[in-house]
Amino acid sequence: MDFNYTDTQDMLRDTLARFLADTYDFEARKKMIASDAGRDPGVWQALATELGILSAPFSEEQGGLGGGAIENMIMMEELGKVIAIEPYLQTVVIGGGALKAAGGALADAVIPEIIAGNVIIGFAYAEPQGRYDLANLTTTAKKDGAGYVLNGHKGVVYAAPWATHLLVSARTGGGQRDRGGVDLFLIDANLPGITRRDYPTVDGFRASEVYFENVSIPADAHLAGGIDLLEKIVDEATMAVCGEACGVTRKLHEGTLDYAKQRQQFGQPIGRFQVLQHRMADIFLEAEQIMSMTLMGTLKLDLPAAERKAAVSLAKAKVSRSAKFVGQNAIQTHGGIGITQELAIGHYFKRATMIEGQFGSADWHLDRFEQLTYPKA
Amino acid sequence: MNLEFSPEEIAFRDEVRTFIAENYPAELRGKQDEGDELSKEDFLSWHRVLHKKGWVAPAWPVEYGGTGWTATQRYIWSEETARADCIRLMPFGLTMVGPVIYTFGTPEQKAKFLPRILSGEDWWCQGYSEPGSGSDLASLRTRAVRDGDHYVVNGQKTWTTMAQHADWGFFLVRTDPDAKQQEGISFLLIDMKTPGVTVRPIITLGGEHEVNEVWLEDVRVPAENRVYEENKGWTCAKFLLAHERTGIAGVAASKRGVEKIKTIAMSESDGDRPLLANPFFRRKVAELEMDLTALEFTELRTLAGEAQGKGPGPESSLLKIKGSEIQQRITELALEAAGHYGAPYFRGFGEGDNEHPIGPDFAHRTAPVYFNTRKTTIYGGSNEIQRNIIAKMVLGL
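Line by line, the protein sequences give chains R and W.
Quick note on numbering: the first sequence equals residues 2 to 378 in the numbering used here.
Quick note on numbering: the second sequence equals residues 296 to 692 in the numbering used here.
Chain R on its own, in the form it takes in the complex (with noise of 0.2 Å):
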């Protein structure tokens, strides 16, 4: 057993850390935000040339450093300290897990891309009446000669306003909600037949609704694994979603710490009153444990399928709890200023809220590891 990290992961997390440190405040942001794109391009640029660490979870052969799971952790736990809005998950870690596993003519002509910064990807799963189920689908891709023909809505697709690639899941045959009969493709973003609607989100992303009609695509942007490759990589950027939310806590409750150990109330700090140093230690009791769970469902995400679900399952439905209970008890701390915009902490927790429900709430991956380990009735 070890939990330690190697060299060569503690200097991915140095490089990004210190980069996103000089790129990255809490007003670089804001303005990265507030601009028309809703982004900053250089910044995705700069991590794919000047550092370059997209290349970070591919293997050698493909361009990449040799890494995985573990670097995607990495990444996403430094991403999230500074609530950075870049779309590596959507991209790195979902496209790209995705092409990795898949293989094939695809994945070698895409994977050098994404590491050089030229591809962005979103990953339209999601459909309104799916919820958390990703079968659920009614998006279809019907065989058209020798390619297929897209059909159907996909709702909530972060970084789709930016992408130059959607990864959809859509029915090539089945019931609405068969396992058989899903099927994942990647392809260009601005085919003709696909239209969206661009929002912000409350988390200070872009999205999409995204529309696909009559849309032509051509064979080769199918990726062969079906509904076992949509659940793997879906778990794995749960698990890089938890990773994220080791950072986003890890500033919440330092923030709070900070800031109880400064506010005076009554003469004194308000930290030197007893309700609140328990709080203090809840909250640090629930940011440890969210990063327990994130190395444990990291570490296990090459498992057998259903063992590998069910690590992830119950890394998610902690993950997502104390999540809220972090949020949530920082904002209290800080009272009426962290309900502000003025705040940074207003805004992690902002994002701890959305990762809640990203990929599943606590609820419905509690639900899922029960229905995978406990004994049927």
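Rather than coming from a laboratory, the hints here were simulated on the basis of the structure.
Keep in mind that a hint or two might mislead.
[Said to hold, decoys possible] When the alpha-carbon atoms are kept at most 25 Å apart in a straight line, the in silico DSS-like pairs for lysine-lysine are as follows:
#1 W/Lys-557 / R/Lys-325
#2 R/Lys-262 / R/Lys-301
#3 W/Lys-527 / W/Lys-555
#4 R/Lys-325 / R/Lys-31
#5 W/Lys-555 / W/Lys-579
#6 R/Lys-325 / W/Lys-579
#7 R/Lys-325 / W/Lys-326
#8 W/Lys-527 / W/Lys-405
#9 W/Lys-335 / W/Lys-348
[Unchecked claim] Which residues of chain R face chain W? A few of them, derived with a C-beta cut under 7 Å, are:
#10 Met-12
#11 Asp-134
#12 Leu-135
#13 Pro-201
#14 Thr-202
#15 Gly-272
#16 His-279
#17 Arg-280
#18 Leu-286
Model, not experiment: these values are computed from the prediction.
Ideal placement from N, C-alpha and C gives every residue a C-beta, glycine not left out.
The hints should help you fit chain W onto chain R, whose structure is shown.
Structure of chain W alone, referenced to chain R:
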């Protein structure tokens, strides 16, 4: 002891129901459902309708414009207005400074201010909190120095709700810096148009402009606008805080909120069933109903006690704690019900954005409302302070 309404009370309920159905402003219908921000005119339109009918301040003594309703009638009133999803009236005049003025004010103050509170002519705001004085309100530092028949006020207030619309504000100011904290404070009514008063917006997490900073620079306030004795303002403040805490339970509105959650959860799908059939979600809704019913009957007991002449005491802290927690849980469930569609951010209608929001109608304000509602356990004396009050005043610890 029984829970039945008398025939007279049922007749009253029907009268109220009919009145609301016939008189609630059409342009306000559904606005609460959307969780949209309300304009000054929105608030005033319903206020004026109630004033015309004589029902705008049911809790006031009849001599000052109250309705003379029994506690049960007032309960019916709040039930019915919530049931019809009527917007809440701004409390700053009607339930805060109004009762202070009719309890502690001079005949001239009563004559000048009370009718304009009732009519809605004056919009009031509350100048209590300061940047350095939140939970520790009595440490406030805004200074008022007597100069002939005026006070000259200097200082800064914060979290002043809806001050951007206010004609008048009631302020706690320090008139004796040498006295013990609570003993050097006075209660002043300040015309917000007085030179030296500056209101600056504070934007909250959901993007709302609800609260403000109020800066006071050499503001000259006639001494006749001081309520009660100089340096006795804390008495008014305590009286007002206890009043604020009972209203803050918001039972009727929360009942409506729970019903909305159920409606939403019946229309949202969760695989092959409605979300309300999801055992985990429905259990959380049921637990909410359980706690809300416990709160409701605690409030009814308090109201019954008040009807027998017991003023709202420190027990009202209980109503504030449980009421505010329940309000927050309702917003949590709404956000959870929205699923993916909690994420899109729209400022809503009435701000020049007439595009239809993304996702189901209820969803687009769930996250902002959830963020914003974190305030309920902070304002009106934070829940930590409320627990201190119970520990000290009720339990004698």
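Verification of the supplied hints:
1. Our distance criterion of 25 Å between C-alpha atoms is met by W/Lys-557 and R/Lys-325, whose separation comes to about 23 Å.
2. Between R/Lys-262 and R/Lys-301 the alpha-carbon distance is near 39 Å, which puts this suggested pair outside the 25 Å criterion.
3. Straight-line distance between C-alpha atoms of W/Lys-527 and W/Lys-555 comes to about 45 Å, which puts the hinted pair past the 25 Å bound.
4. A C-alpha spacing of about 23 Å is found between R/Lys-325 and R/Lys-31, which places the hinted pair at or below 25 Å, so the restraint holds.
5. Distance restraint check for W/Lys-555 and W/Lys-579: the Cα-Cα separation of roughly 14 Å lies within the 25 Å cut-off, and the hinted pair is therefore satisfied.
6. Taking the CA atoms of R/Lys-325 and W/Lys-579, the gap is near 16 Å; set against the 25 Å cutoff, the hint holds.
7. Distance restraint check for R/Lys-325 and W/Lys-326: the Cα-Cα separation of roughly 29 Å exceeds the 25 Å cut-off, and the hinted pair is therefore not satisfied.
8. Under the criterion of a C-alpha separation no larger than 25 Å, the hint pairing W/Lys-527 with W/Lys-405 is consistent with the structure, at around 18 Å.
9. Annotation: proposed proximity of W/Lys-335 to W/Lys-348 holds, straight-line Cα distance about 20 Å (limit 25 Å).
10. Interface restraint check: R/Met-12 against chain W, minimum CB-CB distance 34 Å, threshold 7 Å, status violated.
11. The beta carbon of R/Asp-134 is positioned within 7 Å of a beta carbon in chain W (closest approach about 6 Å), and the interface hint is therefore held.
12. Of the supplied interface hints, the one on R/Leu-135 is violated, with its beta-carbon coming no nearer than about 12 Å to a beta-carbon of chain W, more than 7 Å.
13. Taken as an interface hint, R/Pro-201 checks out: its beta carbon lies about 5 Å from the nearest beta carbon of chain W, inside 7 Å.
14. Hint status for R/Thr-202 relative to chain W: holds, with the closest Cβ pair at about 4 Å, below 7 Å.
15. Look at R/Gly-272: its Cβ only gets to about 13 Å from chain W, farther than 7 Å, so that hint breaks.
16. The beta carbon of R/His-279 comes no nearer than 11 Å to any beta carbon in chain W, farther than 7 Å, and the hint placing it at the interface is violated.
17. Violation of the interface hint for R/Arg-280 is found here, the shortest Cβ-Cβ separation to chain W being roughly 9 Å, above the 7 Å cut-off.
18. Look at R/Leu-286: its Cβ only gets to about 19 Å from chain W, farther than 7 Å, so that hint breaks.
Consistency with the previously given hints fails for numbers 2, 3, 7, 10, 12, 15, 16, 17 and 18, ordered from lowest to highest.
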